[in-house]
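Peer 1: Chain A is already provided as a structure; the job is to place chain B on it using the hints.
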Amino acid sequence: MKKVKLLTITLIIVLVAMVAFVGVYVQKQNRMEDEVRDYSYSMDLKGTRNVTLKVSQENKTIIKDSNGDEVADSEDLTDEEIAQNGYTKEEIPYNSEEALTVENYKKSKEILEKRLKAMNVQNYVIKLNEQTGDIILELAEDENTDSIISNVGTAGKFEIVDTQTNEVLMTNKDIKLANVMYGSGSSTETTSSGTTVYLNIEFTKEGKQKLEEISNKYIKSEDTGADENTTENETSENTTDETTSEKTITMKIDDEEIMSTSFDEPIRTGKLQLSVGRATTDQDTLQDSIAQASSMATVLDTGNLPLKYEVDGNEYVLSDITENQLQIVQYALIGIVAIGLIVLIIRYKSNGLLGAISYVGLAALFVLIIRYTNVVLSIEGIFAIAITLLLNYIFVNKLLAKLKQSEVKKENIKQAIKETYKEFFIKIIPICIMVITFCFIKWIPISSFGMVMFWGIALIAIYHISVTNSLLRIKASK
Amino acid sequence: MKNMSKKKLIVIILIAIIIIAGITITLTKGLNYDLRYQDTKRVELYLGKDFKIADIKQITDEVLPDQAVLIQKIEVYEDSISIISKDITDEQKTNLVNKVNEKYETELNADDIATTTIPHTRGRDIVKPYILPFIIATVIILAYMAVRYHKLGSIKTVLKTAGICILAQIILLSLIAITRIPVGRLTIPMVITVYILTLVGLTTKFEKDLANNKKEEK
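Protein chains in written order, with this note's numbering: chain A, -9 to 468; chain B, 12 to 229.
This is chain A alone, in the form it adopts within the complex (with noise of 0.2 angstroms):
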């Protein structure tokens, strides 16, 4: 019966082992695939998204008139239009060469790695080419990297102006933060109601009193019946009530009208919240206005490239770490194990054996617990795997010393297996408490090592108390 029980266990474990590290086939389509999930690798090992962003060479064209002014709303002018009113028509840099300096690069690369933080990018790599300003980013690749490399090189410029006169009334200097917010209610252009997703700009001390002022001088006259105030929808269209002569004021960000409106009352609260799409229950068209309007809350958070940025690169290139490399690691970290499981039988013999059978179910256990909890594994995540590894031999090595200490007895080896787990586990905390801290570490490498060992120092934990002490119990067992 004893050996039948220690047969039933070894196999299971050998089971487990086939599974983890060999992997379940299955045929597809005329080929045979593995259905044991594969491990989730960083950018490191599996490849990068290198993005370069260019220091901008290109022109813009503006229009001023006689007086040298630059014209507002240009745009649509003619060339005979721009003659006729005795407009001039210049080309000049988006960049400027007073603008090309180190300080400015520098301040980009800062204000790039600002927008990569907030939009909670976990890893990633930003390089300064200090003689051209050009900064070439690595990302992982998943879903989210399109829209990162969207947001990250917009300039970020807030500017609100009147529309009449193009003059700049406030600018990024005047914003404090910009958040995003949710509502809920019916919306006042549509029957439908839900969730209304809002961008929250708060402004400084003094963007607070120009926010008052503008405010108090961009009211709304009584007979216009303008039908826009500043909490509604300015993302999707553009509300300015050409008919009547009312001063309004227009929001642009990068240049682009975001909405031109006049106020109901003068603002005191030093905030303007802008609604972002119409209130939705659909849970899509909710998410899409929420990432729209974090990708602006980002931006204008982080405040605006002192330069314009152009992507000119933008490719996956894969890791120089190979699969074929990756697996002499595992066969390396195998070969070390085997030998210290060699060891462990001659010094401890049957017991050893047990010990070993022991030690090789925990790696199976591990490396599939590692799969199925989606961690993902790094450079510093592999090391991670190797020193629990360590761990576990230390762990088995000890509590086999203390057996051949004392007679191979049930009691003894309880005894044992309460001593080894009290000594073990006393000299890990300071290990445990470091794991624990890098597991809430949003920077990958970091997180993938915390995650790696906190599931490693929980399995010795569980497994030992319940496989090792069995199969030493059922050995003792007469």
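Derived from the structure by calculation, the hints contain no laboratory data.
Note that the structure is predicted; figures quoted are calculated from it, not measured.
Don't be surprised by glycine CBs; every beta carbon is placed ideally from N, CA and C.
Mixed in with the good hints there might be a few duds.
Unchecked claim - Sample of chain A residues at the chain B side, in silico, Cβ under 7 angstroms:
{"id": "1", "residue": "Glu305"}
{"id": "2", "residue": "Val327"}
{"id": "3", "residue": "Phe373"}
{"id": "4", "residue": "Ile377"}
{"id": "5", "residue": "Ile431"}
Peer 2: Relative to the frame of chain A, chain B by itself:
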């Protein structure tokens, strides 16, 4: 006792030599950064067909002898290649293209292929994301050590732990500088591993001291 002191002295001298040598080399020659963190030149070639990295490596070994080269496949179809090296002259680029044309029967023209300058990654940018997590973890660990080993003297334990952890890292970095191991993707995992091993060593020592204290009290 005399023997112990002698052993200790030898260890201290050895550590001092390693640290001094490490600092001297770092100050004079600097650290040997991995190619991916250095100022480099990149050439991208579109082959339009499957290829083996090993074959490209053979070509780069001929064209760029004694130069570290980083070869990576590009895009999902893996039919383009990125070759990065410290420097790629126009002549080397032409040779590279000619040899690739010869091997893969492609018709690439060296004049159409740009050599891109890749800026280096600053050491502080590599280290930055790791500083805060290490500080948080270390502060909590030191607080734990102070409480757990208060019988050995809280301040003494904290100072010893912090000192030995820092010393271990300095020794590691000195060894990296002396041996010219490239500072790259393996450096941080090595730092973490040394940190963990130091902590295990320290707790083992403190537990032993605590047990001895208990015995003496009895």
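Peer 1: Would you mind marking each hint as holding or not holding in the structure?
Peer 2: Each hint, compared with the structure:
1. Glu305: This interface hint holds because 6 angstroms falls under the 7 angstroms limit.
2. Val327: violated, 17 angstroms
3. Phe373: Where the cut-off is 7 angstroms and the nearest Cβ of chain B is about 4 angstroms from A/Phe373, the hint holds.
4. Ile377: Holds: closest Cβ of chain B sits about 6 angstroms from A/Ile377, inside 7 angstroms.
5. Ile431: holds, 5 angstroms
Of the hints listed earlier, the one the structure fails to meet is number 2.
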